[in-house]
Amino acid sequence: MLVEAAHVVACDLLDRTGPLMTYDCQVDSGLGGALPDAIERARGGTLVLDRFGALESRRRSSVTRLIRDRSDDALILAVRRSEPEAGSVEPRPATAIHLKPLHEREEDIWELVDHFFAATAEDLELEGCRGLSRQAKADIAEAVRETSLKSVRRLRDVIRDVLFEALAEGALPLKLTSEHVRPYLERNFGQTEQGRAEHDAALVASQFDAVVERSMLERLADTHGVPPDLMVRQARIIGEVIEHIDDVPRSYRNIMTRMEDVQRASLWLMTGATTQAAFRRHFGDEGFMRPTKSVAWALYNRVFKRDM
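Note that this note's numbering has the sequence shown beginning at -17, numbered continuously upward.
Since the hints were derived computationally from the structure, they do not count as laboratory data. Everything numeric in this text was worked out from a predicted model, so none of it was measured. Glycine included, C-beta positions come from ideal geometry on N, C-alpha and C. Honestly, I wouldn't trust all of these hints.
Between beta-carbon pairs, the in silico distance windows are [to be verified]:
| # | residue 1 | residue 2 | range |
| --- | --- | --- | --- |
| 1 | 230 | 168 | 31 to 39 Å |
| 2 | 269 | 105 | 16 to 24 Å |
| 3 | 200 | 230 | 31 to 39 Å |
| 4 | 233 | 257 | 31 to 39 Å |
| 5 | 139 | 228 | 43 to 51 Å |
| 6 | 206 | 104 | 41 to 49 Å |
| 7 | 216 | 139 | 14 to 22 Å |
| 8 | 106 | 252 | 54 to 62 Å |
| 9 | 270 | 86 | 56 to 64 Å |
| 10 | 256 | 26 | 54 to 62 Å |
| 11 | 227 | 105 | 23 to 31 Å |
Pairs of lysine to any residue, SDA-like flavour, derived with a Cα cap of 20 Å [to be verified]:
| # | residue 1 | residue 2 |
| --- | --- | --- |
| 12 | 287 | 254 |
| 13 | 132 | 254 |
| 14 | 157 | 98 |
Assemble the whole structure, with the sequences as input and the hints as a guide.
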């Protein structure tokens, strides 16, 4: 059981693809061609040396030297089989362990993303950045599913590469967002914006059919004059904004204040304005279409935290 578990873990974590082979040390008394052949056939996989502990010292040394000389790409496990006591029941044959490939374990993907980010951040002694946003992790998980990625080690490399690229651009934000991971995913996994949008739409449908009555979603969307998928995206954005609140308690008042500030800042960005006058002109030529100067001034102060 243990050797099979070790083989499964090695395949999953170390990206090994070779077979699990067993060599009975006491059957081949001469240790001639059988052991070198077993080592060769176990290349890229796992070789179990059964009853290795029962060999006398000189033969164990011979086996060890042969492995050192011949084995360059096999995981070697030496097993000492204990004889059952009199009257005991023989242990049942080991049961194989079947682990789903990475792309079929979405919950594991998210946890591994967090783990690999934390490990890399610790290696680099990074401070301030607290990981990836939910949407960024969803983008990575989708790339893993689309490409049927099986290797945990490859996922680790993806997280490290994304973090290094973000570092190359300058100071890290509180959390890496989709904007940080999407260029990498497009280059290395062929993930396109259209593909992500289609996946998001399907995910939205499945999530809200399972958690929220579809009729409620459609009712709220109709009430506010927006498509249902836009309403869902807005809800997800609010969730991400809340995730970034770490300087004050996440109370209703603080959440609403932060959301209003983010919406004001987003509106300013949408207009492309660089001055208050340009911001006012964006809304039309007629005075009644524009915010008053005092309103624009107040919004400017909130957007740029001039009144703090």
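_Quick check on a hinted range of 14 to 22 Å for residue 216 and residue 139, using CB atoms only._
violated, 34 Å
*Does the alpha-carbon distance linking residue 157 and residue 98 stay inside the 20 Å limit?*
holds, 14 Å
*Given a hinted range of 41 to 49 Å, is it respected by the beta-carbon distance of residue 206 and residue 104?*
The hint (41 to 49 Å, Cβ to Cβ) holds, given that residue 206 and residue 104 are roughly 44 Å apart.
*Quick one: are residue 227 and residue 105 within 23 to 31 Å, going by C-beta?*
holds, 28 Å
*Could one say that the CB atoms of residue 269 and residue 105 fall in the range 16 to 24 Å?*
violated, 59 Å
*asked:* A range of 31 to 39 Å was offered for this pair. Does it hold for the Cβ distance of residue 233 and residue 257?
replied: Hint holds: Cβ distance 35 Å, inside 31 to 39 Å.
*Could you tell me whether the CB distance from residue 200 to residue 230 stays inside 31 to 39 Å?*
Holds: the Cβ-Cβ distance is about 34 Å, inside 31 to 39 Å.
_Assessment of proposed distance window 54 to 62 Å (beta carbons of residue 256, residue 26)_ = holds, 59 Å
*Quick one, are residue 132 and residue 254 close enough, alpha carbons at most 20 Å?*
With Cα atoms ~44 Å apart, residue 132 and residue 254 exceed 20 Å; violated.
_Range hint 43 to 51 Å (beta carbons of residue 139 and residue 228) holds or violated_ = Violated, since residue 139 and residue 228 (Cβ atoms, about 29 Å apart) do not stay within the stated range.
*Taking the beta carbons of residue 270 and residue 86, is their distance inside 56 to 64 Å?*
The hint (56 to 64 Å, Cβ to Cβ) holds, given that residue 270 and residue 86 are roughly 58 Å apart.
_The hint says 54 to 62 Å between residue 106 and residue 252; measuring C-beta to C-beta, is that right?_
Once the Cβ atoms are compared, 35 Å apart, the range 54 to 62 Å for residue 252 and residue 106 is violated.
In terms of the numbered hints stated before, the structure departs from hints 2, 5, 7, 8, 13, listed from lowest to highest.
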